[in-house]
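Protein chains in written order, with my numbering: chain A, 1 to 189; chain B, 1001 to 1265.
It is possible that part of the hints are untrue.
To be verified - No more than 20 Å apart at the CA atoms, straight line, and that leaves these computed lysine to aspartate or glutamate pairs for EDC-like:
1. A:Lys173 - A:Asp136
2. B:Lys1224 - B:Asp1197
3. A:Lys67 - B:Asp1197
4. B:Lys1073 - B:Asp1171
5. B:Lys1087 - A:Asp136
As the list claims (entries may be wrong) - To be clear about the criterion: a stretch of chain A counts as covered by chain B if any three or more of its residues have a C-beta under 8 Å from a C-beta of chain B, and this derived list gives those stretches:
6. 66 to 77
7. 99 to 113
Said to hold, decoys possible - Some residues of chain B that are not near chain A, with every Cβ distance over 12 Å (derived):
8. Leu1035
9. Ile1044
10. Ala1085
11. Asp1101
12. Asp1238
No wet-lab data here; the hints were simulated from the structure. Ideal Cβ positions, reconstructed from N, Cα and C, are used throughout, including at glycine.
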Amino acid sequence: MGMDRRQFLKTTCATVSGVTLGALGFDLAPIAAYAASLRTLHARQTTTICPYCAVGCGILVHTIDGKVVNTEGDPDHPINEGSLCSKGMAVYQLSHNNPARITTPLYRAPYATQWKEVSWEFALDKLANLIKKARDASFEMKNAAGQVVNRTMGLASLGSAALDNEECYLYQKFLRALGLVYVEHQARI
Amino acid sequence: MSQMDCDLAENDVYVDIRAFFDQIAILREPYLRALRAVLEPPAISRDLAAVKLENGFPLFDRRELKAHPALLKAYFLDLLTLVEAQKPDEARAIRYQATLDGCFEELLAQALGQAPAMAAQSEMMRFLLQETTHPLLEIQAAGVQNLPELQRWAWGYCPFCGDAPLLGLLDAETRAKHLLCGACATRWPFSRHRCWDCGTTGNVDYFTVQGDPRFRVETCDACKSYLKVMDQGYGALDKRAMQVHLTTLHLDLIARDRGFNRRAG
């Protein structure tokens, strides 16, 4: 630590409300030597929202070099005021520190016994194809009474609690366009 | 954290400073009792307090403080005796100055009014005056700590006397942060996401010394200020803030070495 005695005195002057311990006769060199010998850990505190239910509790995440080292309830968040449920308290386990965390889409082909990692592009294309196939196969233009319904009873949707109002609106609009009748949301369960 | 880790900051480099503050504490106790007996609570109406606090003005004007010169002078001279052994020449000069007719009263007025003239005084003199006048503020501040408006104060300076905070405190249970005034010992809640000095919100960078998680030093890249924050999950604050501050100076040095600073409290 490049600091001579003069700088040290200036330091304490600024931090001890204009008073230096040196002026009171204390030998400050041992403190400077002690400070120079210490190892420090640098961390960053970031705010986030719990990914689980619709309550949307605030969480403080502490990271060192981009890796999560601690999570805690955000005491300044108006919703949870620092408290968390058992799932929220365990959110640390969602981070990359957890070797069991799934980080890529997994696909199990018909009749296969193993899951395999696939790309997001593959997963989204596969989902779109299967939804289209199921929707087309089960689409009803008219009901038994001959009334126009343009619906599918072969698909259902359960919305994620992590969706906000606007996302929910767009999502249900998309589902209605497909003709879905069974549209539900986790927050109501 | 092991006991050995806990003892890290209680190491030998602060032995003399801790002993010095222990001696001050012995003198301070009867001084506080004597002050409490003669000081009247500050006459601040609830309405005025609400208006002041809502608009970011500290409640108390130090210049309105009614000092008791004889009482303060006696304590000042007692403190002087403590430092006399270490700096006899300077202490003798201060003793002479303080015993001149009307001189101590003038110094007192300067210290309470935070007059620019104080900057010309020696550091020892400033320390002694600060140690003499802070208990006055502390007693006055104690009378208004229950004001609900105080809990809504969102600024980084003391809502009672306007000083900069000396320390931050993390509550062991709620994990909420409070700032602690080194002058009048007022604690007020403060956001965990904001810089106390420039008010920048968002990510908060901090460092700790390996093996001693009791203290973290929060730093702000926007204004280059820092604040030592004590995590009371590892033990409650049981000493004066100034004593805790002066026995963690190694953290200030590390912060300064990394380019951070703080304005004097």
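Here is how each hint holds up against the structure:
Of the pairs offered as hints, the one joining Lys173 (chain A) and Asp136 (chain A) holds, with about 18 Å between alpha carbons and a cut-off of 20 Å not exceeded. Among the hinted pairs, Lys1224 (chain B) with Asp1197 (chain B) is consistent with the structure: their alpha-carbon atoms are about 9 Å apart, no more than 20 Å. Between Lys67 (chain A) and Asp1197 (chain B) the alpha-carbon distance is near 28 Å, which puts this suggested pair outside the 20 Å criterion. Among the hinted pairs, Lys1073 (chain B) with Asp1171 (chain B) is inconsistent with the structure: their alpha-carbon atoms are about 37 Å apart, more than 20 Å.
Note on Lys1087 (chain B) and Asp136 (chain A): the hinted pairing is violated, with a Cα-Cα distance of about 94 Å set against a maximum of 20 Å. Requiring three or more residues with a Cβ within less than 8 Å of a Cβ of chain B, the coverage given for the segment 66 to 77 of chain A holds, as 5 such residues are present. For the segment 99 to 113 of chain A, the stated coverage by chain B is violated: 0 residues have a C-beta nearer than 8 Å to a C-beta of that chain, whereas at least 3 were required. No Cβ of chain A comes within 12 Å of the Cβ of Leu1035 (chain B); the nearest lies about 20 Å off, and the non-interface call holds.
Chain A leaves Ile1044 (chain B) outside its interface by the beta-carbon criterion, the shortest separation being 25 Å against a cut-off of 12 Å. With a minimum CB-CB distance of about 8 Å to chain A, Ala1085 (chain B) fails to clear the 12 Å threshold, and the non-interface call is violated. Its beta-carbon lying about 27 Å from the closest one in chain A, Asp1101 (chain B) satisfies the requirement of being farther than 12 Å from that chain. The Cβ of Asp1238 (chain B) sits about 21 Å from the closest Cβ of chain A, beyond the 12 Å cut-off, so the non-interface label holds.
In terms of the numbered hints stated before, the structure departs from hints 3, 4, 5, 7 and 10, listed from lowest to highest.
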